[in-house]
Amino acid sequence: MKGDPLPNKDHIARYCKFKSLSEAGQPLGSAFVLREERNEKYLSVSWLEYFGRLSIEELLQAVRDHFSLIPKKSARYAVVNVGDTINYVNVNSERKIKITHEPSNSNPSHSGVRGYSYEDEMIGDLIAQKVISIHPAIAPR
Amino acid sequence: MVISSAEHDLEDWEFQSAREVCAEGATCPNSEGVHFVDDEVAQGGWRATTIRAEATLNYDVSSGTYQMDQDDVEIVFVNSPFDELYERLPDKDKIDRSLVSVSQNTKLSYAQRLADRLRELYESVLDDPDEGPLTPGSLINFIYFISETPGLKYPEVTLTPTNEIRAQWTTAPNRHFAVSFSSFGDARFVIFKPGSNDPDRIDRLSGITAVSALIENTKPYRVLEWVSE
Chain A
1 MKGDPLPNKD HIARYCKFKS LSEAGQPLGS AFVLREERNE KYLSVSWLEY FGRLSIEELL
61 QAVRDHFSLI PKKSARYAVV NVGDTINYVN VNSERKIKIT HEPSNSNPSH SGVRGYSYED
121 EMIGDLIAQK VISIHPAIAP R
Chain B
1 MVISSAEHDL EDWEFQSARE VCAEGATCPN SEGVHFVDDE VAQGGWRATT IRAEATLNYD
61 VSSGTYQMDQ DDVEIVFVNS PFDELYERLP DKDKIDRSLV SVSQNTKLSY AQRLADRLRE
121 LYESVLDDPD EGPLTPGSLI NFIYFISETP GLKYPEVTLT PTNEIRAQWT TAPNRHFAVS
181 FSSFGDARFV IFKPGSNDPD RIDRLSGITA VSALIENTKP YRVLEWVSE
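These protein sequences, in sequence, are chains A and B.
Just so you know, we're using the numbering used here here: the first sequence kicks off at 1 and counts up by one.
Just so you know, we're using the numbering used here here: the second sequence kicks off at 1 and counts up by one.
Bound conformation, chain A alone (with noise of 0.2 Å):
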């Protein structure tokens, strides 16, 4: 149900531009910033257990077959566990951050990372070390 947290044993995909990636490729801390101009309310994430017991490769799939917006080539999704980042950033920062589930209609497992804002890149810099895989965001053919 839209706004329900996430269970902390299943784990989220952040679309990561080139822009905040390394030049190794690794997500950097401003891939998980809010952008101020939009006035983000959560940071936008899909959850990847929503499509059921599948291969990471096959949730990652759904996760780009439901992806509102046309991929580029040099993006990367970033997996994060749900409840090690809530935890790990509770712990060493002053935000209580939260993830929740605010499907949309063309994204049902569309979620958010709720409880700080575009101001607070410590927590952005926290969330990119905790970040457990990255996978293309155009599936290799």
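Watch out, some of these pointers could steer you wrong.
Unchecked claim - Taking lysine to aspartate or glutamate and the EDC-like style, the derived pairs with C-alpha atoms no more than 16 Å apart in a straight line are:
1. B:153 with A:23
2. B:92 with B:120
3. A:72 with B:130
Calculated from the structure, these hints are not laboratory results.
Keeping the supplied structure of chain A fixed, place chain B upon it in accordance with the hints.
Only chain B this time, still in chain A's reference frame:
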């Protein structure tokens, strides 16, 4: 009442950009003679004739400001006539010229690599219809910082959501220094460092300061230990 009469050495790209704008019909400063230092660098000068008060202004190269000699009166000018001309350039030209200045910066051992990286980021947002342009003022402030801080290691550079430059130096989870450069001269920084009393702990802090005061204000956190070569 003419208060300032100072010469300011200009690098070739800076002088040429001013001349190009002048050629388009803008009001030109009183430029002094130009001479070539070597094949790549020319020096020109301008003579400022700003009427404000009776005093002499000195140009401080390190801060890029003009300051009066007298202690009791202080008027700080940030912009030279050439800065004003530079401001009239289209953003694309400002960025192109800034990137050329990085590639030719003899203070940076990684000048070309950094210029290539910045161009790559610039072009990545240019190609994206969902994106605004790279912010020229942020780029200029970043270049100022990295040029005027001797011995900095090569940084990882990314763009923030608003396309400001964000540079970071991270050698371990507890040795992290990241700085976002605003267009207006502010630097927003994040530091992860070993705990002051317990090195097994990680101190995490963030703040905002002027770009020109960034190193001074973060010195107590000993960031130079892992940021410097």
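To see whether the hints hold, each was checked on the structure:
no., hint, in the structure
1, B:153 with A:23, "15 Å, holds"
2, B:92 with B:120, "14 Å, holds"
3, A:72 with B:130, "12 Å, holds"
Checked against the numbered hints listed earlier, the structure breaks none of them; every hint is satisfied.
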